[in-house]
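Visitor: We have chain A; now place chain B onto it with these hints.
Residue numbers (the numbering used here), protein chains in the order written: chain A, 1 to 273; chain B, 1001 to 1273.
Hints in this document: simulated from the structure, not taken from any laboratory.
What you are looking at is a predicted structure, and each value in this text was computed from that prediction instead of being measured.
It is possible that part of the hints are untrue.
Said to hold, decoys possible - Looking from chain A toward chain B, a few residues come up when the C-beta cut is under 10 Å (computed):
no.: 1; residue: Leu61
no.: 2; residue: Phe63
no.: 3; residue: Leu75
no.: 4; residue: Leu106
no.: 5; residue: Ser123
no.: 6; residue: Arg128
no.: 7; residue: Val131
no.: 8; residue: Glu157
no.: 9; residue: Ser160
no.: 10; residue: Gln231
no.: 11; residue: Phe271
To be verified - These stretches of chain B come out as covered by chain A in the derived footprint (C-beta under 8 Å, 3 or more residues):
no.: 12; segment: 1135 to 1146
no.: 13; segment: 1151 to 1159
Note that beta-carbon positions come from the ideal geometry of N, C-alpha and C, so glycine has one too.
There are 2 protein chains.
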Amino acid sequence: MTAIELYQQIVCKKSFLCVGLDSDIKKIPKHIANESEPIFVFNKSIIDATAAYAVAYKPNLAFYEAQGVAGWIQLEKTVKYIRQHYPELFMIADAKRGDIGNTSSLYAEAFFEKMNFDAVTLSPYMGRDTVLPFLKYPLKWAILLALTSNESATDFETLSTENGKKLYETVLEKSKEWGTVDNTMYVVGATQAAMLADIRKIIPNHFLLVPGVGAQGGSLEDVAKYGMNEQCGLLVNSSREIIFADSSENFAQAAGMKAKELQQKMEKLLFKI
Amino acid sequence: MTAIELYQQIVCKKSFLCVGLDSDIKKIPKHIANESEPIFVFNKSIIDATAAYAVAYKPNLAFYEAQGVAGWIQLEKTVKYIRQHYPELFMIADAKRGDIGNTSSLYAEAFFEKMNFDAVTLSPYMGRDTVLPFLKYPLKWAILLALTSNESATDFETLSTENGKKLYETVLEKSKEWGTVDNTMYVVGATQAAMLADIRKIIPNHFLLVPGVGAQGGSLEDVAKYGMNEQCGLLVNSSREIIFADSSENFAQAAGMKAKELQQKMEKLLFKI
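For reference, chain A alone in the conformation it holds in the complex (with noise of 0.2 Å):
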C-alpha cells in the first residue's frame, strides 16, 4: 500500500483509527475463554464489530509469543481473516525487531512472505542495517520507534547527542534518508503530544503510529492539533481502550462503540467541523 493509498482509505472511513489486538488471554471474556483458539475466536468479534471505523490493525506480538505454538497459529489465522474479509485494511506487526542485516532479512521474510503483514514495527538502537531489508519489499513498510509513549522514554530516547539533538531527533535525521514517505513511518507516543511540533518540523510528511490515546493518558485533539499533516499522516492506536471496553458477552459490540466513538471525533478533527 502507498501512502496515497492509505489516505484515500482514511478519507473514505473518516477515520484514523488503529486497532492494537492486544489480545491477552487473561483479559478476555470468561464465555469464549475455553474455546479451543480463544485469541482467534475474540479477535474475529473485534474485527467484525470494529472495522467499519479503523484503518488499521496492529496485533502486538507479545500477547501471541506468550501463548507459544497456539498463540502464532492463533497469529497467522488473524491475519488471513482480515486479509479475506477486509483486504483494504493496514495490518502492522506490531514487533519491534532489530538485527543485524541477514537476520532482519529473515524478519522481513517472516512478516511480509510467511504473513502478509503490510508493516512492522523495528527498533533503531543497532542503524541501518536493521531496517534497509525491510525497505526492499515493494509497498510494504518499516515503522520506527522514535519517541515512545513510556515513561522511560526519558532513558535514551531523549539524550542529547551530537548537535544538541535528542537521539529520537537523530533517528529521524538520519533514518528519513534511508527510504521514502512510501515506506517508512514512525512511533511517537500521544502522551508526547506537544513535542509532534518539533518532529513535524524534521519530518513532515511522514506518516506516524501513535499509541498512548486512551488508557496511556494521551489526547487525541493535541495528537491532531501538533501531528496531522496534509494528508493526515497520522494512524492513532487505540489497543485495551477498544477491545477490553467490555468483559460480557456483549465485548464485540461494546468494542464497536467505543471505535465508533473515537472514528466520530477524528471525523471532526479531519474534517475541521
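Guide: The following block gives chain B in isolation, referenced to the frame of chain A:
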C-alpha cells in the same frame, strides 16, 4: 542459573563457547531438507556433535519465525531437547525484544515460562520499562544490546551523548543499576574488541555475550585479551562458522570439529597455557 554456576560450567568444560543456532532453512544440508521438521533434525545433530565443547546455545528467533508456525514448533522442540539431554547448558533466546512494561512482561512469559530459556536478548532503546519485567524472574537473565558487531552500529550506538559518553556507554552506566551481575549481561561485538577495555572499566564484573567471531571477522584472542575478567565473564558466540562448516552428510561431525577447535583455543586463553 547464577553467574558463579555459569563460571563453574566454563571451568569444567574449559570453554566459553556459545553456539548460535541460526538454522537457516536455505543452508541446511540437502539430505535432511525434505524431513518434516528439517530445522529440528538439523539442530539435534548439531547439538549432539557440539555440546561437549559449548556452555551455551543461542537460537536466533528470526530463523524460526521465517518458517511461521512450523518454525515456532521446531524452536520449542529444540529447547526441550536441550533441556532433556543437556540440562547444564545456558539457553539464550536471541530475540532482541523491547517494548513497554506490560508488553515486556508477556515477552518474559513467552521465553521464560512458555519456553524454558535462561536468557533473552533485549534492545535498550525504550529504556528500563523494557528490561525490568525480565529481571523479576529468579535465575533468569536479560542480555542488553550495548555495542553490536554490525557496520551500522555507528549510526546510533556510538553517538556522543551527555557528558561526552557514547550512547552504548550510557546504556551500560544506566542499566547496570537496574539489575545485578547475576541477571544482566551485555552484547558486545567481537569486531569492537579494542573497545572492550573501556567497556570493562564501566562493567568489570558482568558477563558479556560476544558475537562476531569468525564469519564477521572478530578475533578470539583480542576478545579474551580485552574482555576476560577473573571469572571469565565471556560467552563468545559462533554461528555460521560452526553450524554450516560443511554441507555434506558429515555436517554434524564438521560442526563438532569446528566447535572443538574453538574450545581448544578457549582453553588456552582461559588457563593462560
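Visitor: Evaluate each hint against the coordinates.
Guide: These are the hints, each one checked on the structure:
no. : hint         : verdict
1   : Leu61        : 8 Å, holds
2   : Phe63        : 6 Å, holds
3   : Leu75        : 9 Å, holds
4   : Leu106       : 4 Å, holds
5   : Ser123       : 4 Å, holds
6   : Arg128       : 4 Å, holds
7   : Val131       : 9 Å, holds
8   : Glu157       : 7 Å, holds
9   : Ser160       : 5 Å, holds
10  : Gln231       : 28 Å, violated
11  : Phe271       : 32 Å, violated
12  : 1135 to 1146 : violated (count 1)
13  : 1151 to 1159 : holds (count 8)
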